[in-house]
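Quick mapping for you: the protein sequence lines, in order, are chains A and B. Following numbering that gives the first Met the number 0, the numbering of the first sequence begins with 0 at its first residue and continues without gaps. Following numbering that gives the first Met the number 0, the numbering of the second sequence begins with 0 at its first residue and continues without gaps.
Because the hints were derived from the structure by calculation, they are not lab data. Cβ coordinates follow ideal geometry from the N, Cα and C atoms, glycine included.
Cβ pair distances, simulated, as ranges:
| id | chain 1 | residue 1 | chain 2 | residue 2 | range |
| --- | --- | --- | --- | --- | --- |
| 1 | A | S201 | B | L201 | 47 to 55 Å |
| 2 | A | F379 | B | Q158 | 49 to 57 Å |
| 3 | B | G160 | A | R311 | 44 to 52 Å |
| 4 | B | G48 | A | P214 | 54 to 62 Å |
| 5 | B | K189 | A | G441 | 39 to 47 Å |
| 6 | A | L89 | B | K185 | 21 to 29 Å |
| 7 | A | V53 | B | G48 | 30 to 38 Å |
| 8 | A | A355 | B | G48 | 45 to 53 Å |
| 9 | A | K453 | B | T172 | 30 to 38 Å |
| 10 | A | E90 | B | Q158 | 19 to 27 Å |
Simulated crosslink set (DSS-like; lysine-lysine; CA at most 30 Å straight-line):
| id | chain 1 | residue 1 | chain 2 | residue 2 |
| --- | --- | --- | --- | --- |
| 11 | A | K448 | B | K47 |
| 12 | B | K185 | A | K457 |
| 13 | A | K84 | B | K189 |
| 14 | A | K292 | A | K378 |
| 15 | A | K444 | B | K47 |
| 16 | B | K195 | A | K146 |
| 17 | A | K457 | B | K195 |
| 18 | A | K84 | B | K47 |
| 19 | A | K453 | B | K195 |
| 20 | A | K296 | A | K327 |
| 21 | A | K453 | B | K189 |
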Amino acid sequence: MGPFMSPFNNLLCMLLGISFTVWFTLLLVFIIVPAIFGLSFGIRGLYMKTLLKVFKWATVRMERGAKEKNHLLYKPYSLNGIIAKEPTSLEEELKEIRRNGSSRDLDGSASSTTTGPSPSTSEFEMSDTFYFCRRGIESIVDDEVTKRFTAEELESWNLLTRSNYNFQHISTRLTVLWGLGVVIRYGFLLPLRLTLAITGVSLLVVFTTMIGFLPNGRVKHFLSEKVHLMCYRICVRALTAIITYHHSENKPKNGGICVANHTSPIDVIILASDGCYAMVGQIHGGLMGLIQKSMVKACPHIWFERSEVKDRHLVAKRLSDHVKDKSKLPILIFPEGTCINNTSVMMFKKGSFEIASTVYPVAIKYDPRFGDAFWNSSKFGMVNYLLRMMSSWAIVCSVWYLPPMSRQEGEDAVQFANRVKAAIARQGGLVDLLWDGGLKRGKVKDTFKEEQQKLYSKILVGTQENRSRS
Amino acid sequence: MGLQGWRNVLALKTSKNNNRAAWQRAFPVPLSHSQITRLYSRFHSLDKGENGALSREDFQRIPELAINPLGDRIINAFFPEGEDQANFRGFMRTLAHFRPVEDNEKNKDLTSGEPLNSRTNKLLFAFRLYDLDRDDKISRDELLQVLRMMVGVNISDEQLGSIADRTIQEADTNGDMCISFSEFIKVLEKVDVEQKMSIRFLH
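Let's have the full structure, built from the sequences with the hints guiding it.
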């Protein structure tokens, strides 16, 4: 058995050795070296164009096949809404209903058929419930909030079964294409990306720890910047993220706060691969904690212990101290506080807007055709999420740096936050909502219901005062 | 009807002649295909437990409904006769009350009996928002309850009581101090119920 196996063994070892060497050389030349210098071969752009052509073909094929077989296609409900909503207010509607339907007359005497044009003298009508009833049913059919916490649904199919409810065997060609897609994604792309991710993270930890030994000064700052950028760029390639940056002249400067809309943890990697920021967050255990501890050795990030997070004054103090020191990097904050599905921007928490400094808003918009970047934390854990990210085709997004804003005279933190939010929503083409992202997990506060009740009571009571006067 | 059930529906092979008949058998209301598919996907997204039926908690998770003063009564309408799960058929039946009335013109040959979205049935829906115990009468207490839901804490009991008394006095024609359904219809005869209690579907 010995002499029989050994030539094959040798051959096998040689083949494995050669393929590993080739693999790593390719990796180094095409991915890691450009990452270090921030260059690009343009491979990813080409990849993106090819993919788009394939998706379009797949969608057309699927629709054609469905029509031939007389099937029905599942249509995503979140696009364009299912119903037409008229944005009339409570007062307007009640006036309208009463004007047309009132059977009382102006001076309140119980006569029958005159329709009074002035609604303020009519009081409770049984038809007042119609407004609330219709609004309630409209919100059951289509509301603005719950659909922000699940992945956006697509019209066209991107060859991932996870995003398609219509997937059945419609045509052989389509199924073969899908199968090929699976092989490419899981057999080639995923291992490649995992290797890159591991390389990137280990380099980050090792180099930042090494830099930590240097004395504080210009050299340390310079090196730390280079190391952070390099490692984040490798991570960007690990996700095959194709990012377009707009208006780089507005990039955040030292002593400022950068705010952005939040869709997933990947937002951090996307922003940090184009500029250096001081991160803010809670210290975790495990691998995350290790990364956090080594990063803070090279340059000052703001990490909080779990117990300190609750203390708002402490948080505000540390942030303002950091911001006052002009040699420190700009802080990166996501004021929504939770991940939203990138179709809208939800309420910004006012904490970061109370600190007196310039705010640099950034809008991030992902292209959902290539892979859905939204982290639905109630459905997937972090590891599951990263694996899904690495086995999609690509992450394509646009980043807009907006001009800096500061709080104006007579404006309080909440108004300032809303102003910044509106600017970000406008730039990114997102819907600007006043609802709190915390509604993902918690119940809505009763104060909103009380506001509506107060408004209705005013309409009723206002008329009582008129009555007593006349 | 979970995702698998939905796939079965999608694969429903309808021949050209009895397209409509097949849909009528499957669903109680004549909506277009795309409207039904979108409503189903909405139903599915509300159904967090993925058991093919909605519970009251599923409805209360909608923030805009939770802050609606009449939210609880509206949710009640989806759960008739003390059940606590609403399946897709029931969901559609309740929503069908809110279809605009013009749509009936196209489907005259198919409807037997009064359609769910007729003016009378819309008024019945509104009547049932008040009449919690289903005795076909709105008593003073029931009226007070609904008033209290709509005004919160902003109006005193006495004022509310006098509003209720005045309303009953004006509507009540047979002197039983309650508002029956026919008295309700009479009070609202001039109101444009068809428009105010309809939601317009896109496509």
